[in-house]
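Those sequence lines, one after another, are chains A and B.
The numbering of the first sequence is my numbering, which starts it at 1 and goes up by one.
The numbering of the second sequence is my numbering, which starts it at 1 and goes up by one.
Honestly, the hints are just simulated from the structure, not real lab data.
Here the structure is a predicted model, which is why all the values come from computation and not from measurement.
From the derived model, a few chain B residues whose C-beta atoms are all more than 12 Å from chain A: (1) Glu31; (2) Val100; (3) Ala365.
The calculated label-pair distances, taken between Cβ atoms and stated as ranges, are: (4) A:Gly337 to B:Ala63: 37 to 47 Å; (5) A:Gly185 to B:Leu359: 48 to 58 Å; (6) A:Ala31 to B:Gln230: 52 to 62 Å; (7) A:Thr48 to B:Ser301: 26 to 36 Å; (8) B:His14 to A:Ile226: 55 to 65 Å; (9) A:Gly337 to B:Gly61: 47 to 57 Å.
Yeah, the Cβ is synthetic: ideal placement off N, Cα and C, and Gly gets one too.
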Amino acid sequence: MNLGLSAEQQELVGSFTNLFAKSASSERVRAVEPSGFDPALWQTLVDTGAVQMAVPEAAGGWGASLEDLALVAERFGRVAAPAPLVDAQVAARLVAATESGPAANALARVLDGDEVVTLAVRTLRDREARLAPAGAVCNAMVAFDGENLLLTRVTDVDRTAVANLASAPLADVRVRDDAAVIASGPAAAARFERAIDEWLTLTASAVVGLAQTAHDLACSYAAERIAFGAPIGSFQGVAHPLADDATNLDGARLLAQKAAWALDADDARGRELAAMAFAFAVRAGEVATYNALHFHGGYGFMLEYDVQLFYRRVRGWSRVWGSAADASARAADARYGARVR
Amino acid sequence: MDFAWDPETEALRHDVRAFLAEHFTHELEEELYVNGTSHDDAFVRALGERNWIAPEWPRDGFAPLGLAGVHVLTEELTRVDAPIIASATSTMVGRVISAVGSDFLRDEILPTIVRGEKTIVLGMSEPEAGSDVAAVQTRARPAEGGWVIDGQKMFTTNAHVGDYVFLLARTDPDSQRHRGLTTFLVPLDAEGVEVQAVFTVSGERTNITFYTEAFVEDRWRISDVGGGWQSLMLALQDEHSAPFSPHLANLVEHAEAWAAQPDAYGDVPLERHDVRSALIEAATDLEVAQLLELRTTWMESVGDVPVAEGPMSKLFSTEAARRHAEALTAAVGPDALRSRGDATAVAEGRIEHALRFSLGMTIYAGTSEVQRNIIAQRRCRLPRG
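Take these sequences, add in the hints, and give me the full structure.
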């Protein structure tokens with residue numbers, strides 16, 4: 001048992017903290033709203049190897065563990081970075097796990113940093129991925145139609161970008177008729193579900209990062225803002241919910257890390273823990289960002305204050321897949337076996 | 001990171017489970033529940049024979065357990081509600097004696113605790129002093145060769161079966177709050193000490209103890225005169241790091257077992273959406289409760305003091321237990337009303353009992369409100385109210 005980060009992991013966290021501090025300030029985040037995509041930040045991430053690191057070494061990547069990716073995802077969430085890093089990492093891992101010509105070509109373009117490949121996190125309906133994460137900026141998308149894993153090119157004729165709560169680069173994307181089948185049958189389903197496990201875990205970490213920043217902003221504000229002759233943080237009506245949020249966010253971080261560790265080890269509880277981590281992080285994050293915004297009073301309601309950036313993204317980044325309750329249902333299926341319907 | 005225990009620690013868990021299977025029989029469990037006293041001499045002595053009462057202390061013939069071993073041992077004993085309250089409070093006080101007590105107290109008391117022969121109960125709370133311990137009014141005034149004690153202590157659990165009470169008293173009558181306090185070890189059979197039963201919602205018996213002109217020799221004083229608060233902090237630090245998640249684990253385990261079995265009409269509760277959702281949320285919070293608890297042990301293992309993380313663990317585990325006991329009794333439905341001990345009860349009435357038991361958890365060892373104050377100050381850096 002060891003809950004500490006290795007020296008390499010501390011270095012990894014430090015370097016991504018610096019990268020995001022330089023390249024994803026809140027001014028930059030605001031400047032690229034509502035598109036939610038900063039090409040300069042994306043280029044920096046690709047140049048640093050942030051996508052390539054997620055791909056196994058055998059497939060030409062750097063072989064980072066999910067545990068490491070979860071650490072990066074939290075730093076990414078801390079600044080509400082306007083780039084689809086988690087989506088691209090998980091899609092690249094999924095593409096790398098399949099063995100087909102089109103997949104190999106797509107992976108080569110990703111590793112060269114030429115293209116953005118994303119994942120349709122919900123099963124397709126009528127060959128359409130609604131609110132696909134990074135759908136508005138991707139060049140290709142991996143999607144599962146219930147039987148086959150498809151790899152489709154995405155251009156502007158295939159998508160309708162959608163203005164949304166989170167200012168995320170979402171789009172309703174149509175899978176092309178010439179999409180390649182890169183896996184089929186039980187293998188396709190297994191790979192897609194594994195990708196969802198990974199996406200849920202990394203998104204949980206990103207949500208923890210988002211909510212932690214909002215919470216930190218609220219704690220600083222509450223320690224300074226005077227009302228009725230005292231700092232509002234000295235009132236238990238403010239202090240106690242913040243204490244609960246601090247606790248829940250610590251728990252959410254630990255659970256996401258445990259899920260990543262379990263998935264790395266192909267532990268039998270990996271799927272259950274990933275879904276639990278997402279459910280818990282989203283619930284904790286929703287409450288923490290609500291409290292953070294609310295305790296700013298009228299200022300929290302103003303666009304000028306940063307706290308709203310995080311409130312909106314906790315919801316938007318997670319709900320493109322589903323709610324906390326949806327994740328709990330997935331965890332229950334993993335823990336108890338699927339329900340007889 | 002590594003979230004798994006090493007094989008040695010897992011082997012210890014296996015040993016503890018085997019020990020419990022032998023010594024914590026269903027009959028004993030029922031007997032303890034019926035009489036409301038979580039103490040059994042034979043069980044505690046058997047624990048002592050394995051050196052599992054204060055396993056981290058040096059003792060001839062035994063290798064002390066490390067933090068991981070202590071964590072897992074306590075987790076297993078607590079999860080099944082084994083009668084360890086009296087030995088746990090004894091150990092807590094033993095640590096204080098070991099840190100600040102006299103040679104006489106160390107030699108006289110510590111070996112008997114380790115062997116399970118003597119137990120010490122806690123005498124901190126009073127009618128007007130609960131989580132706010134510094135409000136104590138029980139007085140000890142100097143007399144020839146010792147001290148005369150007058151006052152009352154609440155929730156002196158196990159005082160009717162224990163040997164000594166760890167008593168916090170005001171030795172300086174003019175003092176306020178944390179100053180002028182001293183800690184004593186008062187033999188419970190001393191003249192002027194009276195124990196009166198108090199019954200609680202969980203079925204557990206506790207006591208109020210009265211001290212009327214009770215004389216105690218100076219050699220039973222633990223702290224320096226006026227140094228009681230500092231010595232108490234040593235004990236409370238221990239209390240905050242006591243495990244709470246095993247109670248939630250117990251609830252989840254029994255509720256899941258109930259849900260997996262067909263009911264009287266052949267329906268399996270686990271197939272019901274509300275039951276499934278209540279169970280998975282409890283299981284998720286259990287996972288978090290265990291991780292927060294694990295973190296306090298890990299921090300101690302690397303030399304950090306979990307000043308905010310201990311309270312976080314206590315707050316989360318106990319609030320989760322309370323919330324899920326409520327939710328699961330609702331999910332079980334009317335049958336959850338059938339009491340523990342009733343022949344018709346579902347899951348032996350353990351879900352009903354968990355609901356009652358959980359009410360105490362968010363109060364003892366510092367209420368949730370006190371934990372939140374500590375977290376707000378130490379973690380959130382908010383000013384004191």
